[in-house]
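K.L.:
Okay, here's what each chain looks like letter by letter:
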Amino acid sequence: MFIGRSSRRQFLRNAGSVAAGTTLACVAGGFLSKPSRTYAAAKGADSKLWRQYAGTKLVFLSENTPPSSAIKARAKEFFELTGMEIDIRQDVLSTVQEKVGIDLRGGGKDYQLNYAQDKPMGCQFGDYWADMTPFMSDQTLPQDPEGYGDDKWGFRWLDVCGRYFDKNKIVALPYDNAVAVMFYRKDLFEKHSKEFEKQFGYPLEYTDNTTWKNVLDFMKFFNTRKYGVEYGYGFQGLEGWAGQLDFQRPLYALGEWQEWDMPDQFIGTRNPGPCRWGDAQSVKSLTVMRDLYKNAHPESLSWDWSGVNNAFQTGKVAMCCNYGEFAASCEDPKQSITAGKVGYGMCPKGEQSWIVNGKKAVNGTNYGIGGIAINGNLSKDMQRAAYIFSIWATSKTIQLSVLQELGGTPTRMSVLTDPVVVKGMQRPTTMPNALTYPATLKAVVAPHVVPGPKIPKWNEYATIQCIEIAKCMAGKQGPEATAKALKQKRHHCPGDCSRAAGPRAATGGPRLPHLAAARPAGM
Amino acid sequence: MEQKLSVLHRRKYGLSFYGWVLMPAVILLALITIYPFFWMIVKSLFHVAIRPGQKDEFVWFANYIALFKDSLFVHGWLIQARFVVISLAVEFVLGFALALILNNLKRSANIVTTIILIPMMIAPVAVGFLYMYLFNSSFGWYHWFLKSAGLLSGGSILGDPTWAMAAIIIADVWEWTPFMALILLAGLKKVPLDQLEAAKCDGAPPIKRFFDVVLPNMTSVIVIGVLIRFMDIMRYIDTILIMTTGGPAGATKTVSYYLFDVAFRFFDIGRGAAHGFLLLLVTIIIAQLFVNVMNKTKKGLAR
Numbered sequence: 001m002f003i004g005r006s007s008r009r010q011f012l013r014n015a016g017s018v019a020a021g022t023t024l025a026c027v028a029g030g031f032l033s034k035p036s037r038t039y040a041a042a043k044g045a046d047s048k049l050w051r052q053y054a055g056t057k058l059v060f061l062s063e064n065t066p067p068s069s070a071i072k073a074r075a076k077e078f079f080e081l082t083g084m085e086i087d088i089r090q091d092v093l094s095t096v097q098e099k100v101g102i103d104l105r106g107g108g109k110d111y112q113l114n115y116a117q118d119k120p121m122g123c124q125f126g127d128y129w130a131d132m133t134p135f136m137s138d139q140t141l142p143q144d145p146e147g148y149g150d151d152k153w154g155f156r157w158l159d160v161c162g163r164y165f166d167k168n169k170i171v172a173l174p175y176d177n178a179v180a181v182m183f184y185r186k187d188l189f190e191k192h193s194k195e196f197e198k199q200f201g202y203p204l205e206y207t208d209n210t211t212w213k214n215v216l217d218f219m220k221f222f223n224t225r226k227y228g229v230e231y232g233y234g235f236q237g238l239e240g241w242a243g244q245l246d247f248q249r250p251l252y253a254l255g256e257w258q259e260w261d262m263p264d265q266f267i268g269t270r271n272p273g274p275c276r277w278g279d280a281q282s283v284k285s286l287t288v289m290r291d292l293y294k295n296a297h298p299e300s301l302s303w304d305w306s307g308v309n310n311a312f313q314t315g316k317v318a319m320c321c322n323y324g325e326f327a328a329s330c331e332d333p334k335q336s337i338t339a340g341k342v343g344y345g346m347c348p349k350g351e352q353s354w355i356v357n358g359k360k361a362v363n364g365t366n367y368g369i370g371g372i373a374i375n376g377n378l379s380k381d382m383q384r385a386a387y388i389f390s391i392w393a394t395s396k397t398i399q400l401s402v403l404q405e406l407g408g409t410p411t412r413m414s415v416l417t418d419p420v421v422v423k424g425m426q427r428p429t430t431m432p433n434a435l436t437y438p439a440t441l442k443a444v445v446a447p448h449v450v451p452g453p454k455i456p457k458w459n460e461y462a463t464i465q466c467i468e469i470a471k472c473m474a475g476k477q478g479p480e481a482t483a484k485a486l487k488q489k490r491h492h493c494p495g496d497c498s499r500a501a502g503p504r505a506a507t508g509g510p511r512l513p514h515l516a517a518a519r520p521a522g523m
Numbered sequence: 001m002e003q004k005l006s007v008l009h010r011r012k013y014g015l016s017f018y019g020w021v022l023m024p025a026v027i028l029l030a031l032i033t034i035y036p037f038f039w040m041i042v043k044s045l046f047h048v049a050i051r052p053g054q055k056d057e058f059v060w061f062a063n064y065i066a067l068f069k070d071s072l073f074v075h076g077w078l079i080q081a082r083f084v085v086i087s088l089a090v091e092f093v094l095g096f097a098l099a100l101i102l103n104n105l106k107r108s109a110n111i112v113t114t115i116i117l118i119p120m121m122i123a124p125v126a127v128g129f130l131y132m133y134l135f136n137s138s139f140g141w142y143h144w145f146l147k148s149a150g151l152l153s154g155g156s157i158l159g160d161p162t163w164a165m166a167a168i169i170i171a172d173v174w175e176w177t178p179f180m181a182l183i184l185l186a187g188l189k190k191v192p193l194d195q196l197e198a199a200k201c202d203g204a205p206p207i208k209r210f211f212d213v214v215l216p217n218m219t220s221v222i223v224i225g226v227l228i229r230f231m232d233i234m235r236y237i238d239t240i241l242i243m244t245t246g247g248p249a250g251a252t253k254t255v256s257y258y259l260f261d262v263a264f265r266f267f268d269i270g271r272g273a274a275h276g277f278l279l280l281l282v283t284i285i286i287a288q289l290f291v292n293v294m295n296k297t298k299k300g301l302a303r
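Protein chains in written order, with this note's numbering: chain A, 1 to 523; chain B, 1 to 303.
Be a bit skeptical, because a hint or two may be false.
[Stated by the list, open to error] Computed cross-link-like contacts, DSS-like style, restricted to lysine-lysine with a CA-CA straight-line distance of at most 27 Å:
(1) B:Lys69 - A:Lys484
(2) A:Lys316 - B:Lys69
(3) A:Lys476 - B:Lys69
(4) B:Lys147 - A:Lys226
(5) A:Lys484 - A:Lys294
(6) A:Lys72 - A:Lys396
(7) A:Lys294 - B:Lys147
(8) A:Lys359 - A:Lys213
(9) B:Lys106 - B:Lys4
(10) A:Lys167 - A:Lys152
(11) A:Lys99 - B:Lys55
(12) A:Lys380 - B:Lys55
(13) B:Lys55 - A:Lys169
(14) A:Lys442 - A:Lys152
(15) B:Lys147 - A:Lys476
(16) B:Lys189 - A:Lys167
(17) A:Lys169 - A:Lys152
(18) A:Lys213 - A:Lys476
(19) A:Lys220 - A:Lys191
(20) A:Lys191 - A:Lys341
(21) A:Lys284 - A:Lys484
(22) A:Lys109 - B:Lys55
(23) B:Lys147 - A:Lys220
(24) B:Lys189 - B:Lys106
(25) A:Lys487 - B:Lys69
(26) A:Lys294 - A:Lys360
(27) A:Lys57 - A:Lys99
(28) A:Lys186 - A:Lys423
(29) A:Lys334 - A:Lys423
(30) A:Lys380 - A:Lys57
[What the hints assert, rightly or not] What the simulated footprint calls covered on chain A by chain B, stretch by stretch (three residues with Cβ under 8 Å from a Cβ of chain B suffice, anywhere in the stretch; the number is not a length):
(31) 92–103
(32) 232–239
Derived by calculation from the structure, the hints in this document are not laboratory data.
Each residue gets a CB set at the ideal place from its N, CA and C atoms; glycine is no exception.
Please work from the sequences and hints to get the whole structure.
P.N.:
Pasting the structure below:
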């Protein structure tokens with residue numbers, strides 16, 4: 001086939017025109033395309049309700065947690081049900097924070113679905129997420145057969161993950177909760193109980209009434225390196241989310257101490273007012289915590305949950321408070337020398353003799369709830385499409401299968417009380433994470449659980465808190481100076497919470513009615 | 001002829017032909033670089049709203065004043081200074097030594113140079129992970145070595161405020177000394193052999209030849225190498241982010257790392273813009289001072 005000079009030119013011109021036309025059409029299509037809505041008229045026509053946004057593509061930016069990976073593996077199932085494509089992108093929490101923050105605050109719509117980790121994400125971006133409550137009662141959308149009532153989830157988990165400073169607005173649905181429990185070497189505790197009793201006058205055992213003072217004794221016992229481990233206990237004081245949670249557990253265990261007196265700690269407040277740092281209990285707690293840190297593994301200030309888990313499963317420490325999802329690796333003989341040897345209990349109780357604020361000792365427990373939120377910059381139709389994914393991913397069926405495949409801690413009570421899961425809470429089990437659930441379910445209720453502080457500037461507060469407390473734990477600063485520094489920095493640091501609440505709050509203007517009513521006088 | 005045409009074109013159209021051709025690219029570059037720069041300055045004068053529906057509030061220099069009241073910002077400069085000075089000094093000395101060795105290698109110089117350059121080809125995040133594992137107290141080889149040598153009394157590297165900074169510097173030196181060596185090696189290759197041979201014939205010992213012949217001929221290269229590394233370290237946070245996240249107790253929270261915190265973790269855009277602008281300003285001033293000092297030194301050496 002010979003194409004002459006003029007005809008080749010003609011051919012190239014035509015081909016170029018076609019290519020340019022196609023490109024323009026694609027670009028225009030991309031700009032103009034909207035999710036096509038075909039409302040199903042019939043209430044019972046489930047399939048139509050689920051498939052009303054078929055052809056839409058959703059992007060969910062999530063932290064790289066096991067449940068997100070498990071949901072990602074089920075993307076095909078979601079496509080088959082809804083005809084919608086879901087692209088789940090995973091990254092470390094700091095990167096997720098950064099990307100989601102830029103997208104939301106820049107008015108972007110790149111990530112239609114956001115990972116809603118309660119404090120690091122929700123406190124900061126809750127105002128930018130879409131309110132799901134209108135969707136929950138919308139008959140033109142598919143709904144979860146169990147519903148979304150507070151009693152359907154763990155104790156106030158919907159509040160912690162889905163409500164930020166406003167009780168009437170739900171901006172996220174929880175799908176995983178990493179709860180802190182005590183991991184301890186049950187084999188070593190049983191083996192060396194008598195020797196311990198000889199030295200300390202009571203048996204070496206871990207119960208719900210074991211206090212932080214007992215833990216200090218356990219540390220001293222195991223730190224001798226005669227009993228199969230290098231150190232008794234490992235903290236996770238790495239600066240950031242890990243450190244804030246780790247410091248909070250003993251602080252709360254001792255007299256239920258919290259930084260602010262809020263009307264409802266589970267909802268939080270935009271304007272927390274004066275903090276309690278510097279009171280007698282805070283100084284006392286820091287003093288005893290310093291003793292605990294002195295006796296813990298020296299790496300404690302550089303570990304997060306993964307670091308301490310690594311130390312635990314390689315036999316460096318006999319005990320650590322860590323999140324239930326790590327039971328899977330601890331119970332895996334290929335990864336850990338502790339397989340089958342671990343006991344799980346509630347986090348240690350506060351020691352009564354260390355409490356000076358007149359309140360009681362509790363098993364201070366905290367957690368990080370992972371939820372799914374919808375980008376508030378989206379059009380109503382895109383929000384509805386994203387809502388369909390949210391309810392699918394948080395449904396009982398999906399949570400149960402995620403648990404069976406990769407682990408995590410489900411958030412629906414129907415999953416946690418399902419006979420299959422209840423059976424899995426005892427050894428031998430195919431769901432090692434479920435071994436932590438008996439302790440988890442006892443610990444995540446009042447008065448043991450501490451959800452906050454839910455304040456808009458949580459990220460900044462956590463940074464300041466970690467730095468000052470870590471200085472104290474490292475012996476660089478005394479407890480009184482630390483408490484004083486924290487009090488001072490909370491009131492004078494730039495970006496204080498009073499500014500975050502806007503001019504109205506800064507001048508003491510009206511707050512949310514239900515919060516203002518419940519706030520004690522003088523605050 | 002071409003020059004004449006260019007002059008004529010400039011007279012007629014106000015700009016040479018090449019100037020007009022380059023204009024779209026220049027405008028594009030200006031939009032990409034100059035606009036964000038001015039945007040940063042403007043934003044630094046605002047308290048940027050953190051809730052949808054709220055308006056930004058013009059606060060004059062309140063963000064700058066707030067920064068100087070922030071102990072983490074002030075302390076961050078001290079940490080940054082320590083990080084920059086020690087890293088730069090060690091990298092320069094080691095880099096020069098490596099460059100001299102490479103320059104005098106008779107055999108396999110290319111292979112050895114390639115091997116030495118490997119660290120700088122690794123992504124900084126990967127270097128962060130590598131050193132985090134090497135310094136790990138459970139299985140880290142460096143940790144074991146330092147402890148066995150009796151140098152590590154506290155039992156932890158990344159958990160100890162003093163050692164953590166040293167660990168960050170070690171990781172930086174390991175990764176970027178080859179870069180310094182490469183730049184200095186290029187400078188060594190350009191030292192005129194006739195001058196060296198003349199000095200040798202005059203009976204100058206190696207040390208004197210180094211200071212009187214090699215160093216004056218390398219001043220420009222040294223300025224470039226040190227300047228690039230200086231500007232790089234000033235904005236460097238990758239390994240810190242992976243190894244210590246600024247801890248323990250804020251011991252590795254350099255001012256550039258704190259900028260990341262303020263802008264992308266606290267999302268305090270106004271304060272972040274003021275912070276970024278100050279960091280840039282200080283970097284430019286120090287870089288210029290450094291260039292001036294080196295130029296004076298060069299002139300002095302030339303005399």
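K.L.:
In ascending order, which of the hints set out earlier in this document are inconsistent with the structure?
P.N.:
Hint check: 2, 9 and 16 fail, others pass.
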